[in-house]
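Asker: In the working numbering, the protein residues as written are 1 to 369.
Heads up, some of the hints might be wrong.
Said to hold, decoys possible - Calculated pairs, SDA-like style, for lysine to any residue (alpha carbon to alpha carbon, straight line, at most 20 angstroms):
no.	residue 1	residue 2
1	K116	A345
2	K182	D18
3	K52	E21
4	K177	V165
5	K301	S181
6	K189	A300
7	K161	A345
8	K301	G191
9	K116	K142
10	K37	G24
11	K189	Y124
12	K333	E227
13	K224	S339
14	K142	T114
Simulated from the structure, these hints should not be mistaken for lab results.
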Amino acid sequence: RLLWLPVTSAVMEFKVGDTVEIQGLTKAEVLHLNGQKGTVSSPLKEGYYRVKLAGGKVLDVRPRHLRELSSASMGRFAPMQGKELGDCKNWTFIIPAVSVGNVAQIAVDLILATAKLEKIGYWYGPSSVPVLCNHPLATKPKKVKPQIALSVEFFRCSKRKVIVVQRRAPLVRGGAKSFVSKLLAWAKKVGFATTVLVSSTQAHYAENSHQKRFWCTHVAADQKLKEVVEELKIPFMSLDGSAPSSGDAKTSVPNNAVLNSLMENPNPIETKRGGAPTAAELLRFNTGMTKEFIAECMRAKIRTVALLAQVNEGDNMEDGQHMAQALTVLVAKLQGQDSIPLLPANKPMKIPFAYNHVYGPEPDRRIYT
Numbered sequence: 001r002l003l004w005l006p007v008t009s010a011v012m013e014f015k016v017g018d019t020v021e022i023q024g025l026t027k028a029e030v031l032h033l034n035g036q037k038g039t040v041s042s043p044l045k046e047g048y049y050r051v052k053l054a055g056g057k058v059l060d061v062r063p064r065h066l067r068e069l070s071s072a073s074m075g076r077f078a079p080m081q082g083k084e085l086g087d088c089k090n091w092t093f094i095i096p097a098v099s100v101g102n103v104a105q106i107a108v109d110l111i112l113a114t115a116k117l118e119k120i121g122y123w124y125g126p127s128s129v130p131v132l133c134n135h136p137l138a139t140k141p142k143k144v145k146p147q148i149a150l151s152v153e154f155f156r157c158s159k160r161k162v163i164v165v166q167r168r169a170p171l172v173r174g175g176a177k178s179f180v181s182k183l184l185a186w187a188k189k190v191g192f193a194t195t196v197l198v199s200s201t202q203a204h205y206a207e208n209s210h211q212k213r214f215w216c217t218h219v220a221a222d223q224k225l226k227e228v229v230e231e232l233k234i235p236f237m238s239l240d241g242s243a244p245s246s247g248d249a250k251t252s253v254p255n256n257a258v259l260n261s262l263m264e265n266p267n268p269i270e271t272k273r274g275g276a277p278t279a280a281e282l283l284r285f286n287t288g289m290t291k292e293f294i295a296e297c298m299r300a301k302i303r304t305v306a307l308l309a310q311v312n313e314g315d316n317m318e319d320g321q322h323m324a325q326a327l328t329v330l331v332a333k334l335q336g337q338d339s340i341p342l343l344p345a346n347k348p349m350k351i352p353f354a355y356n357h358v359y360g361p362e363p364d365r366r367i368y369t
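Let the hints inform the model, and build the full structure from the sequences given.
Answerer: Here you go:
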């Protein structure tokens, strides 16, 4: 049963200088103010923002009656009521791309449902397709709580020192560049130690794809990150096409040729000299925001590791489970021996019961006899 609730669990934050529009006023004496535009002239004080209207009039307005208009601020973290981001400096930031088989979303859902991370807010901006659903992480029908989920949500775990983003919808056409640039600018300001991108690529593009389930690459990698990637024993593909090596400095330096190769858009993929496609070629197709994300990390020199599954569309639950395990190992190695793993050892993952409706019931076994 879907429970409809008003989206009022988040408190919008505005900065001095933001352009806003007044909305939602219901009293007869102030109805004429709806639709008027103005500028925030002072920070939040006693539950009100001071707004200077275009005609010069100054009003004190509650946040819920203001709508952001300035494009510069259209893309920000919005905390839920009573929640806050807190000090996350040197934590790990994990975000999935909506890509082949939705493997990244499955892996993140498994981690969130099993580790029970705390939801603290969502991303406010026009780049994501709007989505509204009811408590997607419940593992049993009787555990469904009266809460809603939106298209881009943030979860926190202080013990594990991670911020995890879950995305439940693709980006609007042409929205990847804006979404990625604003999100990474926010992440850089927060001061995360490492950004982890989880994504997937088409299995049939890769050479010997049946022998390789995952591969990884990194950006702005220091020696420690390179050593962590080597310890993973997951095939590594350099973005500049050079052989993987812990001493290869080229993979940590933004290179115009690499960026150009990553953002080119030939169709279809054509490998040179009959060889396997490069990492940049694999990332150009059917990977959602992955190529824009990595390209922006290269430009901004953000310490990033990307973990990618090679899959085909279908029932990708098993791929998601393996991805969740690989992500747990990666984060544990990034944070050191004293860290608490994302998934507890020797315990089964908890699968949200909503996944029962994704692929339908199992077929009647009698059809095989």
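Asker: Does each hint fit the structure? Answer for all of them.
Answerer: Quick rundown of the hints versus the structure:
no.	hint	verdict
1	K116 x A345	holds (15 angstroms)
2	K182 x D18	holds (16 angstroms)
3	K52 x E21	holds (11 angstroms)
4	K177 x V165	holds (18 angstroms)
5	K301 x S181	holds (13 angstroms)
6	K189 x A300	holds (12 angstroms)
7	K161 x A345	holds (18 angstroms)
8	K301 x G191	holds (13 angstroms)
9	K116 x K142	holds (17 angstroms)
10	K37 x G24	holds (13 angstroms)
11	K189 x Y124	holds (17 angstroms)
12	K333 x E227	holds (10 angstroms)
13	K224 x S339	holds (16 angstroms)
14	K142 x T114	holds (17 angstroms)
The structure meets every hint from the earlier list without exception.
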